[in-house]
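Make the full structure from the sequences, and use the hints.
Per the working numbering: the sequence shown = residues 3 to 47.
Think of the hints as simulated: they come from the structure by calculation, not from any bench. Quick reminder that beta carbons are idealized off the backbone N, C-alpha and C, glycines included. Be careful, since some hints might not be right.
What the hints assert, rightly or not - Simulated restraints, written as ranges between beta carbons of each label pair:
hint : residue 1 : residue 2 : range
1    : Ile42     : Asn10     : 42 to 52 Å
2    : Leu9      : Phe46     : 46 to 56 Å
3    : Ala19     : Leu39     : 20 to 30 Å
4    : Leu11     : Trp43     : 41 to 51 Å
5    : Pro37     : Arg17     : 45 to 55 Å
6    : Leu11     : Tyr36     : 35 to 45 Å
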Amino acid sequence: MRKTKALNLQQREARLAYWFVVPTFAIVFGLVIYPALYNIWISFH
Numbered sequence: 003m004r005k006t007k008a009l010n011l012q013q014r015e016a017r018l019a020y021w022f023v024v025p026t027f028a029i030v031f032g033l034v035i036y037p038a039l040y041n042i043w044i045s046f047h
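The structure is reproduced here in structure tokens:
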């Protein structure tokens with residue numbers, strides 16, 4: 003029984019980690035990657 007509780011805790015911690023990482027990637031995309039790609043697109047037009 004004890005292993006399943008530990009595994010569930012590990013799964014919850016892994017999901018929590020994703021919830022912290024996803025907004026970070028969204029901010030990086032919005033502030034860095036999107037403007038860089040937009041500038042490249044504009045430069046070819």
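Results for each hint:
1. Distance hint check: the CB atoms of Ile42 and Asn10 are about 45 Å apart, consistent with the given range 42 to 52 Å.
2. Checked against the hint of 46 to 56 Å, the C-beta distance between Leu9 and Phe46 comes to roughly 51 Å, which is consistent with it.
3. Between Ala19 and Leu39 the Cβ separation comes to about 27 Å, which falls inside the hinted range of 20 to 30 Å.
4. One distance hint, 41 to 51 Å for the beta-carbon pair Leu11 and Trp43, holds here, with the actual separation near 45 Å.
5. For Pro37 and Arg17, the hinted distance range of 45 to 55 Å is not satisfied, since their beta carbons lie about 31 Å from each other.
6. A C-beta distance of roughly 37 Å is found between Leu11 and Tyr36, which places it inside the suggested range of 35 to 45 Å.
Taken one by one, the earlier hints fail for this structure only at number 5.
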